[in-house]
Amino acid sequence: MLLENGQDHLFRDWPPPGVDDDHKKAFFDQLTLLDSSYPGGLESYIKNAKRLLADSKAGKNPYDGFTPSHCALKCTIFFRDNVRILGLTMGKCVPTGETLTFGDENYINFEETGVREARKAAFVLVAGGLGERLGYSGIKVALPAETTTGTCFIQHYIESILALQEASSQGSISCLCGESQTKIPLVIMTSDDTHGRTLELLESNSYFGMQPTQVTLLKQTKPHGHGDVHSLLYSSGILKVWYDAGLKWVLFFQDTNGLLFKAIPAALGVSASKQYHVNSLAVPRKAKEAIGGITRLTHSDGRSMVINVEYNQLDPLLRASGYPEGDVNCETGFSPFPGNINQMIIILIRIALKHHMALITCDNILFKQLILGLGPYIEELSKTGGAIQEYKDASKTSFKSSTRLECMMQDYPKTLSPSARVGFTMESRHATLLMDVRLLYLVMETWLAYAPVKNNAEDAAKGKNAVLALDSLLKCMQFLIELDWKGVPKGNPYHSATSGEMAIYRANSIILKKAGVQVAEPVVQVFNGQEVEVWPRVTWKPKWGLTFSRIKSKVSGNCSISQRSTLAIKGQNIFIENLSLDGALIIDAVDDAEVNVSGSVQNNGWILETVDYKDTTEPEVLRIRGFKFNKTEQLETKYSEPGKFHLKA
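Position one of the sequence shown corresponds to residue 65 (the numbering used here), numbered consecutively onward.
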C-alpha cells in the first residue's frame, strides 16, 4: 500500500534482513495503529494530503461560491457586562433568546442551575502542547495562570471542577441519603510530547485534589488537530461509560484561558434551563483579532450555513466578496463576527452510541454526532480536512518534510451534500429532522470569559499572533496574496502571559465591585512592550467564589481595596466585612475553618517590578510576563484547624 501511494522513500535506506528487525517491527506496528485510527486508513490520509497540496498549488479558494454575512447574528448588542443569547435552530437562522446581565437575578439563577447540573457533567480538556512558542519550556498546562499564588492552569481547572463537584452534590438526593459525593470525570487529551509530563505533573501534585480514577489521559498518535479528541473519546469507550453512569453533559475547553470557568456555571445553566443540545461560547471580537469569527456563509446555489471562519481567512474572504475594507469593526467597536473560543457544552444522547464514530475533523463535530447519530451523518463525519504545513520548493508539488494534516473546524460543513441534515446548515429543505436540534451561541463579554495565553512577549508587543503556521500557509494561496492580507493589526488583544494574568485581576476586581466592594480603578503600565491595565491583584480559590451569589454572600459592609493592593483568598469559608485594604493580605484556611476578616490592613505590600524578557537570570515564567512581585510586606494568616476565627486588623 505504501509503495502504491508513492511512499517508497521510506524504504530507500532500509537495512538488510536480520538488521534492526526490532525497529522494523515497531515501525510496522505503528503503521498498523495509524492505519486503523484514521478513517479510510493511511491510503486515505496520503490521498487527502496530495489533494490539499494540489488545491493549494492552484490557489483554490476554500470558500469559492460563498458570500459571508453576519445577518444571523447582527441583533447581538454587546454591553459591557451583558450576555446575549442567540438561538440557532436547524433549518433556519433566527436570533431568538434573551439578555442576561451579569450579576442580576436572572444571571444568578442560571449560575445556580448550572451548579446543580454539574454533577451530571464530564469535562474534556483539549490540552495544548509545549509552551515553547510562549518562551516557556514546559507543558502549557503547567504554566502559572497568575503569579500572585503561582497556581498553574491545570491546578486551577481541577480546583474549579472540584468546587463544582462539591457544590453540585450539596442538597442532592444522593448526598442527603449519605452516599458519597458524585465524582465529576475529567479527560485530558495529550500527545507524545506532553503525555509523560502531564502525568508526572498530576502524580507529583496528588492530582491537585482529584481522585486519580477521575482523570483520564487520552493520547493522540499522530496529532493533526484537536478534532482528534472526539474520535479518542469514542474509541476509548468513555462515552458509553458516561452515558451508562447517567451523565448528561460534556463540556469541552482548551488550555491557557484563566477565565473560562467563570462563564461555565451560567452557560451550563442556560443549556439545562432551555434544554439546548449545543451551547458554544463566543465573545465580542475585534476586527482581525486572532480568533475565528462566527460567520454566515451563503452559496450561490442557495445553501447557507453558520460556521467558524479562521481570522486569517475571514478578512480576505470579505474582501473578495464585495467588502473592500475586509474585517473591520462596526459601530459597537467590535467586528460584526463574534469570536469563537472553542468552549462548548453538549448533551449526550444514547442514539449516537449505536453507530461507529469515525475520525472527526473539527472542534464542534462531536455534539452534532452525539445528538443525531444518523447514518448519513456518520458518513459525512468520515470525511477529513486539513492544512498543509510546508512545501519543498516554489513549485508546491511536494512536501518539504514529513507532513501532517490538521483538523480545521471550518472545513467540515463544506463537505455536506444538499440533503445533509446536520450542524449549522440553515437551508429550509434541511428542516425535516428526526428531532429538533437546537444550537446556542452564548456571547459573553470578553472580560469575564476569555483571556488566552498563546503569544510570546515579542509577538504580542508587535500585535501579532504567535500561531502563524496557518497564516503562513494561507499566504501561499494565490487568492490571499492577490488580496494583500495584512495580518493582525497592533492594538488588538495581546493574548500573552502578561495580558492573561492581568485579565484575571481585572475580572476579579470587577466582580468584587459588583458585589459592593469599593475597588480602585486601574493604572496603565507597560510590560514587555505591552500596555495593560493593572488592577488590584485579587485572587481567590474557586471554592470561595464559584458563583456570583456565593461571592456576594461573603462580602458585606463598607469594604475597599486600593489599586496597589494584593488580596489572596485561599479558603472556602472566609467572610470579609468592613475591610479596608491598602497593601497585601493573604488568608489561608482549611475548609472547616470559618474566618471573619474586618478592620484596616495597611502595609508596604507587594511591589510590581519590571522584568526584561531577555534577562536569563530571571525564571521563564517571569520573563514571559515582564513583571514580578517584590514581596516587601504583607499580612499573612493561616488557619489549619477547624473552628470559628475573627481576624480584625
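Some hints here could point you the wrong way.
[Unchecked claim] Derived Cβ-Cβ restraints for the label pairs, each shown as a range:
(1) 522 <-> 118: 32 to 38 Å
(2) 118 <-> 366: 25 to 31 Å
(3) 310 <-> 663: 31 to 37 Å
(4) 705 <-> 95: 56 to 62 Å
(5) 269 <-> 83: 30 to 36 Å
(6) 261 <-> 700: 29 to 35 Å
(7) 173 <-> 95: 39 to 45 Å
(8) 397 <-> 277: 30 to 36 Å
[Said to hold, decoys possible] Simulated pairs of lysine-lysine, BS3-like, Cα-Cα distance not exceeding 27 Å:
(9) 708 <-> 692
(10) 712 <-> 578
(11) 678 <-> 634
(12) 618 <-> 708
Hints were generated in silico from the structure; no laboratory data involved.
For each residue, glycine too, the CB sits at the ideal point set by N, CA and C.
Results for each hint:
no., hint, in the structure
1, 522 <-> 118: 32 to 38 Å, "holds (36 Å)"
2, 118 <-> 366: 25 to 31 Å, "holds (28 Å)"
3, 310 <-> 663: 31 to 37 Å, "violated (48 Å)"
4, 705 <-> 95: 56 to 62 Å, "holds (60 Å)"
5, 269 <-> 83: 30 to 36 Å, "violated (45 Å)"
6, 261 <-> 700: 29 to 35 Å, "holds (32 Å)"
7, 173 <-> 95: 39 to 45 Å, "violated (54 Å)"
8, 397 <-> 277: 30 to 36 Å, "violated (48 Å)"
9, 708 <-> 692, "violated (35 Å)"
10, 712 <-> 578, "holds (24 Å)"
11, 678 <-> 634, "violated (33 Å)"
12, 618 <-> 708, "holds (15 Å)"
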